[in-house]
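*Asks:* Could you put the whole structure together from the sequences, leaning on the hints where they help?
One letter stands for each residue in the lines below.
Number of protein chains: 2
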Amino acid sequence: MDMRERGDGEPSGAITLLPVTGLPEVRPGDDLAALLLAALDGASLQLQPGDVLALAQKIVSKAEGRMVNLADVTPGAEAERVAAEVNKDPRLVELVLRESESISRMRRGVLIVRHRLGFTSANAGIDRSNVPQGAGEEVVLLLPEDPDRSAAALRQALVERAGVDVAIVITDSHGRPFRQGTVGVAIGVAGLPALWDRRGEPDRQGYLLQHTEVGLADEIAAAASMVMGQAAEGVPAVLVRGLRLPPGDGRARDLYRPPELDLYR
Amino acid sequence: MDMRERGDGEPSGAITLLPVTGLPEVRPGDDLAALLLAALDGASLQLQPGDVLALAQKIVSKAEGRMVNLADVTPGAEAERVAAEVNKDPRLVELVLRESESISRMRRGVLIVRHRLGFTSANAGIDRSNVPQGAGEEVVLLLPEDPDRSAAALRQALVERAGVDVAIVITDSHGRPFRQGTVGVAIGVAGLPALWDRRGEPDRQGYLLQHTEVGLADEIAAAASMVMGQAAEGVPAVLVRGLRLPPGDGRARDLYRPPELDLYR
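These protein sequences, in sequence, are chains A and B.
According to my numbering, the residues represented by the first sequence are 2 to 266, in order.
According to my numbering, the residues represented by the second sequence are 2 to 266, in order.
Treat the hints as calculated values from the structure; they're not laboratory data.
In this text the structure is predicted, and so the values were computed from the model without any measurement.
Warning: the hint list may mix true and false statements.
Any copy, or any two copies together, can satisfy a pair, since identical chains are not distinguished.
25 Å max Cα-Cα, derived SDA-like pairs, lysine to any residue [said to hold, decoys possible]:
no. : residue 1 : residue 2
1   : Lys-89    : Val-160
2   : Lys-89    : Gly-201
3   : Lys-89    : Asp-204
4   : Lys-89    : Ala-163
5   : Lys-89    : Leu-262
6   : Lys-89    : Thr-213
7   : Lys-89    : Arg-258
8   : Lys-89    : Val-74
9   : Lys-89    : Glu-261
10  : Lys-89    : Thr-75
11  : Lys-89    : Arg-67
12  : Lys-89    : Gly-14
*Replies:* Printed below as a string of structure tokens:
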């Protein structure tokens, strides 16, 4: 297997998940690469080749100014109809529908959509937790407009300024069919294969592995999410160190199953 | 938040994923706790309070003797019918059906079932990769009979022999609706809450978090799976160190959505 060299001398095969704290509240137009480098510096962390920086989507969305005050949203007829069915704020539903390709499932309290980006999630990822609210405001946060593009731009900025090749995973928390509880998933990826195709590799007995495409970026996102969830106020970024990345520069969209291949759409 | 003390002086909030290698090929009846303690010792790793030991289901299944030679299986009429539809070995399909409550979806090459344990997965988790094969044999490996019970028994054995309170997560790799690629999930849990109920905790703005039940054991399994996948031959166990575990002693079955609450069954 062609693996990149790791940047340091950790115990063989160990992976470390390091919280990056000390970021200020991110505001529209902020230079996120600069804020991250300053926070890493403040935590005495230096980027190393092969590091993966996992970022909660909220800080990326905030830097991109994706906040919307519900007072500024006028729901259309479809939003009113859906809102009545799911018992949600029609203005929120209007935003969800604008961000979506289609409704996947709905019932009272639940609105699951296929997002225009290609994944399926509740409320199109729109959320108001950890969003600063002015007096009388009801501000919600949309996902980044194109998180794969955001990841690629951030990666380029970090490579240029830190002089080190790092990978980026932008994470969100999704619920799932079949299983209870949310888990971290990747919605933006740069610098690593999001989907790691291991078909054709031999196992210990020389038998060819089958059906082994690994959702590598999702596993990284879930691991980072453990660290992000360690503090009630949230840890917005996690440095994943020691992962031997397979070669490739994938996108989160590689992880989204096309509807025609989805038996559960 | 009530968090247990961690056992050492790592950088604040860092989590380390340490591969536990050096296990022999596990055989039916093996004392897995003893093998794990010897492997940890060989790797100069000592269990610490709050450690989570993530184990690939294969080593648990092998210790429990869950190998079946397909030559010993006689498919029934339903297995023959399903096998023809999905184009799989009728003997394998017979085993899948015996392990399942119902078929969730099938089509050529795909057989997704609701396992009698309550989760939904392809082929009821039955697999032949990394299973030693005698001459002319086609041996497959079933999941542990009751992985939550296996996890609890292993935990008790480790606590008794190592004198340290550790948690156990038994992992498998599952495909998913909506998303491509497999990810590690928990099929057996002891000593930690599999599903972490964070509803009611305030966010940074004092707004109460909603819909935040976290699939903690699944995130641990996904993180461990990253390490398990680092070597082509697989790493069968991973020590997860530094996670501040919320209190509770849950079961993997807490993660399985009851069919009546599943909009995608």
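*Asks:* Hint by hint, say whether it matches the structure.
*Replies:* Verification of the supplied hints:
In the homo-oligomer, the alpha carbons of Lys-89 and Val-160 never lie at most 25 Å apart, since the shortest distance is 43 Å inside one protomer and 48 Å across protomers. Only between protomers do Lys-89 and Gly-201 lie at most 25 Å apart by alpha-carbon distance; the minimum there is 19 Å, versus 48 Å within a single protomer. Only between protomers do Lys-89 and Asp-204 lie at most 25 Å apart by alpha-carbon distance; the minimum there is 21 Å, versus 50 Å within a single protomer. Within a single copy, Lys-89 and Ala-163 get their C-alpha atoms no closer than 45 Å, and across copies no closer than 52 Å, so neither meets the 25 Å cut-off.
Taking the shortest Cα distances, Lys-89 and Leu-262 sit within 25 Å of each other only across copies (19 Å), while inside one copy they are farther apart (31 Å). Taking the shortest alpha-carbon separations for Lys-89 and Thr-213, only the inter-copy value of 17 Å comes in at or below 25 Å, while the best intra-copy value is 40 Å. In the homo-oligomer, the alpha carbons of Lys-89 and Arg-258 lie at most 25 Å apart only across protomers (23 Å), although the nearest pairing inside one protomer, at 28 Å, exceeds that limit. Within a single copy, Lys-89 and Val-74 get their C-alpha atoms as close as 14 Å, which meets the 25 Å cut-off; across copies the closest is 53 Å, which misses it.
For the identical chains of this complex, Lys-89 and Glu-261 are inter-copy neighbours only, at 22 Å across copies versus 30 Å inside a copy, given an alpha-carbon limit of 25 Å. Taking identical chains as interchangeable, the C-alpha atoms of Lys-89 and Thr-75 lie at most 25 Å apart only when both belong to the same chain, with a minimum of 14 Å there against 53 Å between chains. Proximity of Lys-89 to Arg-67 under the C-alpha cut-off of 25 Å is restricted to the intra-copy arrangement: shortest distance 21 Å within a copy versus 48 Å between copies. In this assembly of identical chains, Lys-89 and Gly-14 lie within 25 Å of each other by CA distance neither inside one copy nor across copies; the values are 47 Å within and 36 Å between.
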